[in-house]
Amino acid sequence: MNDVGLIPFLMLSGFLFACGVTCVAVKRNAVAVLMGVELILNSANVNLVAFARFTPAFRLEGQVFTLMVIVLAAAEAAIALAIILNFYNNHATVDVDEAKDLKG
Amino acid sequence: MTHLTLPVVLFAVIATATAISAVAVVAERNVVRMAIWLLFTLIGVSLLYFLLGAEFVGAAQMIVYVGGTLVLVVFGVMLTAQGPLRELRTSRLEWIVGGTLGGALFALLVFVSLQFGSRTSADDVLPGVGPLGLSFLGVSETTPSENLRGVPEHSPMKRAPVAYLLPFEIVSVHLLVVLIGAAYLARAKRRVKP
Amino acid sequence: MFEWLSTTPGRLYVIGTLLPLAAFVVLLAAGTIRGLCRPFRQQGKLAAALYWAFGGDQPVKVGGYMATACMAAAAAVGIWGLVLFLNDPTSGRKHAERWSERIDWIRIGAFDSTPPEVWEERYYEWQKQGETNGPPPASPTAVALELGYRIDHLTAVVFAMVTVIGTLIFLFSLGYMQEETQPQVEDHQVDQHSRDSADHGSHSTSPSSVAGYHFTRRGRFGRFFLYLSLFCFSMLNLVIADNLFQVFVSWELVGVCSFFLIGFYYERKSAAVAANKAFIVNRVGDAGFLIGILIAWTYLGTLNFEEMTRRVRSPGEDSHGSLAFANQFVRVNAVANDDTTTQSVRKFQLPPKDDPTPGTHLALFPLAWETPDHYHGLGYKRSQEQGFLAPVNATINDFGAIPYWLFVVMGLGIVLGCVGKSAQVPLHTWLPDAMEGPTPVSALIHAATMVAAGVYLIGRSYPLLAPEVLLVIAYIGAVTLFISATIALVQTDIKRVLAYSTCSQLGFMMLALGIGAWVAGLLHLLTHAFFKALLFLCSGSVIHGCHHEQDLRKMGGLRTKMPITALTMLIGVLAICGAPLLSGWYSKDMILAASLAYVSLHPEHLLLLALPTLTAAMTAYYMFRLWFLAFTGQPRDPQLCEKVHESPWVMTLPLIVLAIFSVVVAWGWPLWQVEASALAHVLHQAEPVSVTVAFYPEKVKEHEVHLGAGVLALLAALVGAGLAFHFFYRREPTLARLTGPAPTWYNFLLRKWYFDEVYDAAFVEPTVGLARFSAAVDKRIVDEATPAETDESTTPRYDWSTLDGILSAVGQLLSSLGAKLQAIQTGGLRTYVTALALTATVLLAMLVILTK
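One line per chain: the protein sequences are A, B and C, in this order.
Residue numbers 1 to 104, in the numbering used here, belong to the letters of the first sequence in order.
Residue numbers 1 to 194, in the numbering used here, belong to the letters of the second sequence in order.
Residue numbers 1 to 852, in the numbering used here, belong to the letters of the third sequence in order.
Note that these hints are calculated values from the structure, not bench results.
Where is the CB? At the ideal position from N, CA and C, for every residue including glycine.
Where hints are given, some of them may not hold.
Selected chain C positions facing chain A (Cβ under 8 Å, derived; list incomplete) [what the hints assert, rightly or not]:
| id | residue |
| --- | --- |
| 1 | Pro697 |
| 2 | Thr826 |
| 3 | Gly828 |
| 4 | Leu829 |
| 5 | Arg830 |
| 6 | Val833 |
| 7 | Ala837 |
| 8 | Thr839 |
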């Protein structure tokens with residue numbers, strides 16, 4: 001594994017992150033936005049595990065945090081979907097551009 | 001240049017697949033297809049975990065994400081389906097802005113990553129399920145090779161016992177609260193609008 | 001229980017001072033509760049119960065009785081304290097401990113808990129060890145504005161005077177203000193005001209006052225006593241204060257009470273204007289007073305009277321025998337400091353013996369040099385020959401120096417305050433107008449107490465006043481007493497005659513103080529307080545009896561109708577004229593004697609004798625004129641005379657008591673010797689040593705010329721009284737003659753030397769003009785063109801040329817900016833996420849670039 005090294009993992013993580021941000025920024029479907037968020041979280045996880053693997057001080061911590069993020073992401077997905085459903089029930093659409101109640 | 005060993009080849013293949021499917025997630029307009037591409041991405045990430053030696057995390061990723069979260073997302077797609085042909089289009093300008101932004105972010109992150117230099121680790125194997133589980137219970141059996149940073153030298157304490165019991169509990173309670181909240185939010189309600 | 005009474009009997013005075021304050025607080029609380037509960041008076045429940053309990057629509061008399069009782073208690077305390085004080089056997093430091101206390105009020109700087117006495121002892125110990133034993137003990141660095149009282153003979157006597165007269169006037173007010181106890185009071189004198197304002201169109205008059213010009217309001221019995229109580233508290237606090245700052249605070253309180261009371265009938269325009277005038281004119285004086293205080297605080301480092309005296313005057317006694325400088329101002333010159341080790345300190349030296357010009361600076365003496373049994377003068381060690389050093393940031397325990405001109409300015413500032421408060425030329429114009437207030441107020445404030453505060457303060461701060469300042473005081477007094485007396489000659493309003501008489505008598509006091517007759521001036525303050533209160537209350541009784549007719553020309557022949565008033569007023573008139581054996585005689589004789597002595601030693605100040613002698617004659621003339629016009633002859637207005645009645649006993653009783661006081665208050669044994677006056681002896685105990693030091697030749701001379709002055713005063717009074725007798729009793733005046741055309745000089749006097757007109761032209765008109773101009777600059781022309789219809793939102797135009805326009809423009813610019821910023825807040829989720837990501841990107845980029 002030492003042949004690969006840390007940097008490729010970080011670059012992949014960065015790529016996933018950029019994809020996630022782009023996804024969140026351009027998608028109008030709320031579920032798609034949620035998927036973008038999942039991508040971002042995954043990129044962070046890759047980062048964590050990679051550092052755990054290549055930094056002796058973080059061998060345990062990296063994994064523990066990753067596990068926690070996975071669990072929290074699941075919870076987040078659940079509640080986000082609940083919110084989306086509610087929004088859909090009220091507005092009959094999942095277009096986030098319709099959600100302008102906070103307009104100043 | 002690195003040798004073309006098995007891990008390198010494996011990484012190259014998996015990483016390429018993951019990246020392609022991530023791009024597909026972004027590019028795809030159909031939500032259902034997006035979910036499928038996301039599935040591939042998640043599987044790819046979990047494979048990467050295996051490759052890194054974090055078998056438990058990889059397994060958890062596979063089970064929770066692929067088996068749980070993604071199913072949830074698909075359910076979301078189904079519950080909010082607005083007819084098969086209706087797509088929410090985004091204007092070209094927004095695509096350009098979002099893409100530029102993503103590209104800039106990626107460039108920056110790559111630049112930052114390159115600052116780290118190559119690192120290697122003597123230990124080939126990450127702590128497995130046993131140490132992880134014990135750490136969640138507040139006990140540590142590991143005898144790590146390095147001192148904890150920040151502790152003065154000649155200190156009798158080599159390394160503080162890893163205790164994630166409390167975070168674990170917090171996460172558990174958090175999950176509980178979130179699930180209750182989700183159930184409350186998503187419970188069947190009468191439409192307010194006609 | 002009363003242990004403190006034997007250790008510190010001075011606290012009696014604190015209690016006496018706080019008693020009126022207690023009455024004030026109770027009245028204020030009751031009035032406030034009543035006012036707050038008024039809206040709920042119909043609804044029942046607790047609020048309504050409270051409302052009706054505190055009087056409801058009908059003003060309660062209990063408040064007045066309670067305030068009077070408090071004042072009476074204060075008078076008892078005052079007299080008791082006076083007796084205790086006069087019989088106090090202690091002296092020196094022990095005496096001071098028993099009769100004075102100080103506490104820090106507002107602290108400035110780091111506080112050192114060491115009391116000054118302890119520190120002085122330490123300093124003395126250090127000095128005894130030969131000044132070789134290390135550095136001197138650090139002096140307390142903190143300074144504080146203090147609260148304190150200090151009782152000396154002057155304070156004790158004035159306190160008793162104020163409380164006694166106050167009590168009598170409270171009692172009188174119970175009768176005089178009787179109609180204020182009605183739920184509905186008709187104020188006929190508001191008519192003029194409402195008609196005026198209707199003409200001007202500036203106020204919208206209420207329908208009730210327009211119809212028939214009758215103004216009705218609720219009686220203000222409680223409010224009257226509320227103000228009076230606060231006033232008495234302030235005055236007493238002023239009297240017992242031991243430092244200038246406390247005096248200043250009380251001074252302003254007294255001023256504001258005066259404002260409230262002059263404007264008591266504030267619906268009358270004249271009363272409101274008079275109140276404003278009194279307040280504003282007094283502010284002019286107070287500005288000077290404040291300047292004086294600030295100079296004293298900056299240079300002397302303390303505001304305590306005794307400490308200030310010790311700072312500016314050389315020590316009274318000196319163990320080293322250089323008594324030549326005792327209790328004097330020591331003027332020094334600044335000289336170059338050759339000592340290289342003490343470059344930062346300034347050096348001062350006495351002028352050479354053969355140099356007649358006085359020094360440019362006044363030496364300030366350290367407080368701590370004085371220890372209980374050991375005094376050092378300026379002659380201490382080498383300082384006389386070699387000068388002394390004053391550290392740049394000197395504390396009150398170091399030698400120091402103040403530029404002499406600044407010291408004079410300080411004195412003039414204090415005097416300006418006193419001139420304002422005591423209604424001296426040129427700030428005298430407010431006092432006659434202040435007669436708009438109810439008559440007891442005129443008696444209490446504008447005769448007996450508040451106006452006396454100025455004279456009292458000059459007496460108090462006497463050692464701080466430079467000779468030049470004293471001369472200014474003397475001339476101010478002389479000019480005032482003359483001008484006011486001439487105006488009083490022709491006034492026809494009974495209260496205005498008395499008001500100008502008050503100015504004139506205050507001028508006598510000022511003159512006396514200015515020429516070094518400290519005891520005479522303050523004795524006149526006391527005697528005048530009694531007989532002027534008496535005169536005012538008598539006039540109040542007359543006004544009450546004549547149903548608020550104040551014009552002397554319409555009176556006449558009232559003697560048979562109101563015998564008690566007539567008789568007591570005659571006593572007052574005799575007293576103020578200086579009839580032998582009445583109290584006024586003692587004080588006025590002493591003043592004239594001092595003035596004669598002063599002029600015979602300083603012939604260039606002849607005016608200081610001529611004016612008071614002339615005025616003594618005029619005083620007798622105008623006072624007898626008043627009495628003859630009011631009480632003798634045939635009634636000139638029969639209609640009015642029909643309804644006249646004697647006042648009830650609550651009003652005549654104070655008259656009788658005050659008449660007795662007016663006769664006996666200055667008595668001593670033998671009666672016929674002015675110098676034997678017991679009150680003068682008491683006052684003499686409090687006289688600052690510096691008076692004798694500065695005016696020793698005058699004092700000696702005064703004893704020589706005393707008899708001559710007495711004869712002069714008596715002759716003057718007789719001439720004045722005889723003239724009045726001739727014009728207003730023998731040749732009985734008719735209404736036609738009194739109201740007929742008059743010569744030019746008469747009009748000149750009637751218009752009060754045109755002071756008001758000159759002030760109007762010199763100060764008021766320019767100020768009003770400036771205000772108009774400012775308003776014109778400030779106003780938007782657009783507003784005036786279309787008043788009220790201009791809608792800001794529909795016509796958002798602003799006029800940059802005016803101040804108002806600029807301010808509006810700034811506001812509108814900000815508003816439009818906000819409207820533009822609003823567009824950014826799309827509420828769109830993706831916009832926000834994009835912005836967030838963009839921010840993160842930029843931040844990351846900055847991080848990368850900066851850490852490169």
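Here is how each hint holds up against the structure:
{"no.": "1", "hint": "Pro697", "in the structure": "violated, 88 Å"}
{"no.": "2", "hint": "Thr826", "in the structure": "holds, 6 Å"}
{"no.": "3", "hint": "Gly828", "in the structure": "holds, 6 Å"}
{"no.": "4", "hint": "Leu829", "in the structure": "holds, 4 Å"}
{"no.": "5", "hint": "Arg830", "in the structure": "holds, 6 Å"}
{"no.": "6", "hint": "Val833", "in the structure": "holds, 5 Å"}
{"no.": "7", "hint": "Ala837", "in the structure": "holds, 5 Å"}
{"no.": "8", "hint": "Thr839", "in the structure": "violated, 12 Å"}
In the structure shown, a violation is registered for the earlier hints numbered 1 and 8, in ascending order.
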